[in-house]
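Asker: Read top to bottom, the protein sequences are chains A and B.
Straight run, no breaks: the first sequence in this note's numbering ends on number 908.
Straight run, no breaks: the second sequence in this note's numbering ends on number 908.
Certain hints may be false.
Any copy will do: because identical chains look the same in the list, a pair fits if it lies in one copy or spans two.
[As the list claims (entries may be wrong)] Under the rule of at most 27 angstroms between Cα atoms (straight-line distance), these lysine-lysine pairs were calculated in the DSSO-like manner:
1. K591 x K571
2. K889 x K726
3. K890 x K630
4. K630 x K726
5. K638 x K692
6. K634 x K890
Because the hints were derived from the structure by calculation, they are not lab data.
Protein chains: 2
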Amino acid sequence: MTLLLSNEEIEDLLTMPESLAALELAYKDVAEGKAIPGTRADSVGQTKGETDTDEALYQLKMMGSIAESLEVGAIRINSDILTWPTKSGTKRRTKAPLAPNNRWTGLVLLFSMNTGEPLAIFPDGIIQLTRVAATTALGIKYMARENAKTVGLIGAGEQARSHVIATAAVRDVESFKVYGPTKANRDAFCQELQGKTGIQMTPVDSAHEAVEGTDIAICATNALDPVLFQDWVEPGMHITSIQDKGASEIEPEAILKADVVAVHERGNMSHGYITKTKGVNMPDQGEDLTMMPELEAVMKSPTLAEIIAGLAPSRTSDDQVTCFLNYRGLGVQFAALGHAVYNNAKKQGVGNELPTDWFTENVCP
Amino acid sequence: MTLLLSNEEIEDLLTMPESLAALELAYKDVAEGKAIPGTRADSVGQTKGETDTDEALYQLKMMGSIAESLEVGAIRINSDILTWPTKSGTKRRTKAPLAPNNRWTGLVLLFSMNTGEPLAIFPDGIIQLTRVAATTALGIKYMARENAKTVGLIGAGEQARSHVIATAAVRDVESFKVYGPTKANRDAFCQELQGKTGIQMTPVDSAHEAVEGTDIAICATNALDPVLFQDWVEPGMHITSIQDKGASEIEPEAILKADVVAVHERGNMSHGYITKTKGVNMPDQGEDLTMMPELEAVMKSPTLAEIIAGLAPSRTSDDQVTCFLNYRGLGVQFAALGHAVYNNAKKQGVGNELPTDWFTENVCP
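Pulled out of the complex, with its shape left as it was, chain A reads as follows (with noise of 0.2 angstroms):
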């Protein structure tokens, strides 16, 4: 049977402890050479969706991934409808609902590497928000001081949220400042994030008082320009930033004033990475940080999957600053966080089961 799962059904199989260890494992095994970390390749086009933007795109994103030691391969897949509001002043792409009943279309779809066989499907929802937050963890775990207790958080939309609980799993935190760009969201998230972890959350006025004096400075931002600038880097500090649309939510040069620089892939950061826009003008088509020479040092950082693995050294002094940058991410994350969803639904007896030959051929491919 072909096991079918919802995002809240996902939500209740999995953990932040164990989203945690699973990924830890899958980068081990990426830096022993025991996972393909992934391969992803995009199409963009035209689309006649209704959106109440002028600009719309679609976009078919897929990122593949096996890992050996879990014995499954994993497709994330998306089909979006991309539109850039103008929020606060700032260009924000943002994903239209425009499926049926307003809503969005990702799908993970585990499969056995000894059968060949699905053996789940499932939306990406809720694993797309913990697979960020839980590496961003990781690289705190692995990069901040061990003595880090305070975090500034710029950004207070859902991977805000995800992040809060994900450091909070893997250091003492005793208070976050919270800046988001809208005043009622982001006090409204300390509000809630304060009664869910029992940590003091403060919101503040600006993205610099947020990471002011703080020892972990975490962007979880859709921002299309840097909201993290090299001035505001203090000694001891670990820098991080989940993407670069656009640009990175980091200033190249705030990056470069890390002692420890971590990336998800050495070299080209696009390896593996294809986006084919024949003849589409993407208003926010970033370019690749290969393509910033100021950035080129970044070219020979370890990867995360080499700290965790002990393959290459994290800080050595609580003076030095570090910096994760989570870009893009790895679709290995998916086939560990989904063999983990799959094996908890399995043994707690959640969700719904198809036949498997609804998805499988008696002719031969």
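Starting from the structure of chain A, add chain B where the hints point.
Answerer: Frame of chain A; chain B shown alone:
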């Protein structure tokens, strides 16, 4: 609702003339920049699947594309256990059907470019056979002599079968000579296809005998070494090949004898094609054609799309030799044929509908 279809249903829904028309349109779109022909990325690793050969690997393949004029995107996924048994002295790559009930795992997911939603999910088997043969036939339609009447067919398997039907749809074929390594198979093949098409089908004892004196020479095998050689190429002939596992089915010197060679994608024939095989030795990991110095000329070849769209010349006389290298294919073939299948199924009320909510989500991914 999201439509699920079986190969049996697709076989009835997709006729060869419709397939040819759909592909012809898609190729024109590709030439005119209205489609993204395809991106592809594969991951290969060890399998613990139980096969009866020593060499076995797991391969997770994905190929994506969008076709704006059809307003759909498509992803084809293969989750294969590859083995390399030796048959009649030749090593052949085969896919072991290890999914439950001895089945293979190959899927096409069709998405709306206007809403993002998954319109349909179906197996790739029939479409795979059809798209390869129909594309070979489009090459014949646009490149072979108008008066071509005799065909030499090297191969007597599933692909060869589809090639008989497809070729007969674009030329007034009087006779086929067919070679396959196993006498019983080629005899049965000819008997079956002659009954089905009414065209004279003659089994012969060698590949050379099959193509000697014919107007069109088709290679439709899964051999790992060339099966068609330069000395066999005669003036006026159209030669064509469906694959380059290990090496091209047509030896490079034979390709160079052609006055016009058409390819799927000019330049690097592996453009948009990633295979990651970290730490794994693939018995037949083929070199890219770009690696063969004798084939540099091919890099300047027109694409089949350009020839179909009238943007590049085909043969200019009956004496010329033409060649179409139908390698690897384009993802847009699945978008085009998938769209045709989906529309026919909706019209005829065929297939099983599942709630689209099962494959979409209310969390922004």
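Asker: To test your reading of the hints: which numbers does this structure violate?
Answerer: Structure breaks hints 2, 3, 5, 6.
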